[in-house]
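Enquirer: Sequence:
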Amino acid sequence: MQTTPRGFVSGPKPCPHCGRVLQPLTADLNGREVFAGWEPCGCDGAAAARAEWEAERRRADEAASAASWERKLDASGIPPRFRDARHPWARRLAERIAAGDGLYLHGGNGTGKTTLACAAALICLRNGMSVRFAVATKLLDELREFGEAQRELLAALARCDLLVVDDLGKEGAATPRAAEKLFDLFNDRYNSQTLVHPRPFVVTSNFPRNEVAVRVSDGGSGVAIASRLRETTEAVLMDGDDWRIHGKN
Numbered sequence: 001m002q003t004t005p006r007g008f009v010s011g012p013k014p015c016p017h018c019g020r021v022l023q024p025l026t027a028d029l030n031g032r033e034v035f036a037g038w039e040p041c042g043c044d045g046a047a048a049a050r051a052e053w054e055a056e057r058r059r060a061d062e063a064a065s066a067a068s069w070e071r072k073l074d075a076s077g078i079p080p081r082f083r084d085a086r087h088p089w090a091r092r093l094a095e096r097i098a099a100g101d102g103l104y105l106h107g108g109n110g111t112g113k114t115t116l117a118c119a120a121a122l123i124c125l126r127n128g129m130s131v132r133f134a135v136a137t138k139l140l141d142e143l144r145e146f147g148e149a150q151r152e153l154l155a156a157l158a159r160c161d162l163l164v165v166d167d168l169g170k171e172g173a174a175t176p177r178a179a180e181k182l183f184d185l186f187n188d189r190y191n192s193q194t195l196v197h198p199r200p201f202v203v204t205s206n207f208p209r210n211e212v213a214v215r216v217s218d219g220g221s222g223v224a225i226a227s228r229l230r231e232t233t234e235a236v237l238m239d240g241d242d243w244r245i246h247g248k249n
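The numbering of the sequence shown is UniProt numbering, which starts it at 1 and goes up by one.
Derived from the structure by calculation, the hints contain no laboratory data.
It cannot be assumed that every hint is accurate.
To be verified - In silico DSBU-like cross-links for lysine-lysine, where the CA-CA straight-line distance does not exceed 30 Å:
1) K138 x K72
2) K138 x K170
3) K170 x K72
What the hints assert, rightly or not - Pair by pair, the computed Cβ-Cβ distance ranges are:
4) N127 x C43: 43 to 51 Å
5) R159 x C18: 52 to 60 Å
6) C18 x E70: 39 to 47 Å
7) P40 x G100: 23 to 31 Å
8) R151 x A60: 17 to 25 Å
9) E70 x E231: 33 to 41 Å
10) P12 x E70: 41 to 49 Å
11) G100 x A60: 32 to 40 Å
12) N127 x L237: 22 to 30 Å
From the three backbone atoms N, C-alpha and C, an ideal C-beta is built for every residue, glycine too.
Given only the sequences and the hints, what does the whole structure look like? Please build it.
Expert: If you want it as structure tokens, here you go:
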């Protein structure tokens, strides 16, 4: 082993697999010559060791990527049963969402509204959009009492790139306070839209938009919510066979 005039320790060393003498390598670091390991050996044993190291690195990268994806899924609130959702229209809807279009998926039970909404949301999430999923019944339940936790929840739902609200109208009339806060959420997202951050939302419901008002609230907030939905979403009727866009209902 020898020390160079530059101050780093180096020297030849034998390959641990075949015994061949390997010469040290150097690199320039901000004008200083520094030790950079030894030349690679071309023997079969060294090649196998390098291949195993590369495989271990790939496994570690894949594990880190999978863990990151799971954290994104957990943060999104997409239910576990829909985290592998697939739908033949999902990519088409995801493209519409990425372009800033809001969508209102309505139709009877079992027509795949939630599956489609989640499948499209998953594509958006993989493409770098922040996504939040909320079931309308649970959301309105939480908004019956309004404190710091609810304030933080609404702020998170207002900020995300894509908001999915599932089963709107199924819960029946909400309290006036909860309906007002739900309208505030839709309105905040609407008012914060820009060309760069359009903040669309996808809503699923068993009912067309013109019936949502009385099903969400007996008061003015229900009418305001339905009006905002007509203004910011395109209605997609799902009847199990095809999807059709309706602009007014």
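Enquirer: Against the earlier hints, flag every one the structure doesn't satisfy and list their numbers going up.
Expert: 7 and 8
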